[in-house]
Amino acid sequence: MHELKIAESIVDSVSKEMERRGLKSLRAVGLRIGELTDIVPESLEFGFNAIVAATPMEGVRLEIERVPITGRCRDCGAEFAVRDFQFLCPTCEGRGVTTVGGNELEICYLEVDDPHSDKRISATA
Amino acid sequence: MTILKYEKKVLSENDRLAAEVRREMTDRGILCLNLVSSPGSGKTSLLERTLGALGKELRMGLIAGDVQTENDADRLRAAGGTMVRPIVTGGACHLDARMIIEALKKLSLDGLDLLFIENVGNLVCPSSYDLGEEMKVVLISTTEGDDKPLKYPGMFRRSSLMVVNKIDLLGHSEFQLARVKENARAINGDLETIELSCRTGEGARRWYDWLRQRVSHKRA
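Chains as they are written, first to last, in the working numbering: chain A, 1 to 125; chain B, 1001 to 1220.
Heads up, a few of these hints could be off.
List of simulated lysine-lysine pairs, BS3-like, C-alpha gap at most 27 Å [unchecked claim]:
#1 Lys24/A / Lys1008/B
#2 Lys5/A / Lys1218/B
#3 Lys5/A / Lys1105/B
#4 Lys1008/B / Lys16/A
#5 Lys16/A / Lys5/A
#6 Lys16/A / Lys1009/B
#7 Lys16/A / Lys1106/B
#8 Lys5/A / Lys1056/B
#9 Lys1106/B / Lys1056/B
#10 Lys1105/B / Lys1218/B
#11 Lys1009/B / Lys24/A
#12 Lys5/A / Lys1106/B
#13 Lys1218/B / Lys1056/B
For the chain A half of the interface with chain B, some residues (derived, Cβ under 8 Å), not all of them [unchecked claim]:
#14 Glu93
#15 Val97
#16 Leu105
No wet-lab data here; the hints were simulated from the structure.
For each residue, glycine too, the CB sits at the ideal point set by N, CA and C.
So that you can see chain A by itself, here it is in the shape it has in the complex (with noise of 0.2 Å):
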């Protein structure tokens, strides 16, 4: 249940941006999980709202993206989507592959109600 740690990070990083950006009303907090990360995003959701019954960010959403994983080939340089974990070439069978997509952990986006206080908007929904 190491979950419960990823998502005391997360709460710590999201709470010192809004901190920093004189934010207040949070959402939602993207993120982007790579499905080789050992995380099960059912369970950091059950960790996230633990940690934040009965604060300000009680009832922010999770809004996960799974990334699926994506191998490069060292022999051939193809790059191809890897299922069921098997790392194997499909254009030239080599096993030497590099994982450039899957691994991926971070937060990518804060979804808020009052923007005004803010000038790093980058996008409005």
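Add chain B to chain A, keeping to what the hints say.
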């Protein structure tokens, strides 16, 4: 509703501390290995045997992580380990880089060739946490399922060496050496394999040679 871009690795603080550990190990020429496995695969036994065989040749520091008790650290001291630090996580299912930094404050690194970090027995949670090691060594024993690499692909993918322990018990279970290697190879074509028995010592020489080679490479 407004979407604000905020890009940050969730474990960036852990990664920063791990990078500190890695820098220190590199500066001092110490080979740092992170030992991971299920509970009972033989991490402590492997270290006991290694201390017995190489204790006079290589100076080894050991960090022994457990959820509770310092039993493993006690075993390592009894096996001749002089530089041993226990980490009792008190429930946490993995070690993180901050725990390593704290443990290193109480462990003299002067003259060390090797630093072993014995992680908490768990093939899932420790895989997310970089400890600043040079590489992960994953143990599996013949009393487990030979499909473990397929069940825990994250850990086997992130490891550089697989040690198959308890080969003295081969034939007493359904475990097949060829199958575990094939399963591991599907997950990680770069994974080296060493088979041994910590109980009888069979095959251990290859492990010692592997360590010697890595240590001298690190010193160079």
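Status of the hints after comparison with the structure:
At roughly 19 Å between alpha-carbon atoms, Lys24/A and Lys1008/B fall within 27 Å of each other, so this suggested pair holds. Distance restraint check for Lys5/A and Lys1218/B: the Cα-Cα separation of roughly 33 Å exceeds the 27 Å cut-off, and the hinted pair is therefore not satisfied. The hinted pair formed by Lys5/A and Lys1105/B meets the criterion: a straight-line CA distance of about 23 Å does not exceed 27 Å. Pair hint Lys1008/B plus Lys16/A holds up; C-alpha atoms about 12 Å apart against a cutoff of 27 Å.
Between Lys16/A and Lys5/A the CA atoms are separated by roughly 17 Å; this keeps the pair inside 27 Å, and the hint holds. Of the supplied pair hints, the one linking Lys16/A and Lys1009/B holds, its CA atoms being roughly 14 Å apart against a limit of 27 Å. At most 27 Å may separate the alpha-carbon atoms for a hinted pair to count; Lys16/A and Lys1106/B exceed this at roughly 31 Å. The straight-line distance between the Cα atoms of Lys5/A and Lys1056/B is roughly 40 Å, outside the 27 Å bound, and the hint therefore fails.
Taking the CA atoms of Lys1106/B and Lys1056/B, the gap is about 22 Å. The hint holds against a cut of 27 Å. Taking the CA atoms of Lys1105/B and Lys1218/B, the gap is about 22 Å. The hint holds against a cut of 27 Å. Taking the CA atoms of Lys1009/B and Lys24/A, the gap is about 22 Å. The hint holds against a cut of 27 Å. Between Lys5/A and Lys1106/B the alpha-carbon distance is near 25 Å, which keeps this suggested pair within the 27 Å criterion.
A C-alpha spacing of about 19 Å is found between Lys1218/B and Lys1056/B, which places the hinted pair at or below 27 Å, so the restraint holds. Hint status for Glu93/A relative to chain B: violated, with the closest Cβ pair at about 10 Å, above 8 Å. The beta carbon of Val97/A comes within 6 Å of a beta carbon in chain B, closer than 8 Å, and the hint placing it at the interface holds. Because the closest C-beta pair between Leu105/A and chain B is about 5 Å apart, less than 8 Å, the hint holds.
Violated hints for the displayed structure, listed by number in ascending order: 2, 7, 8, 14.
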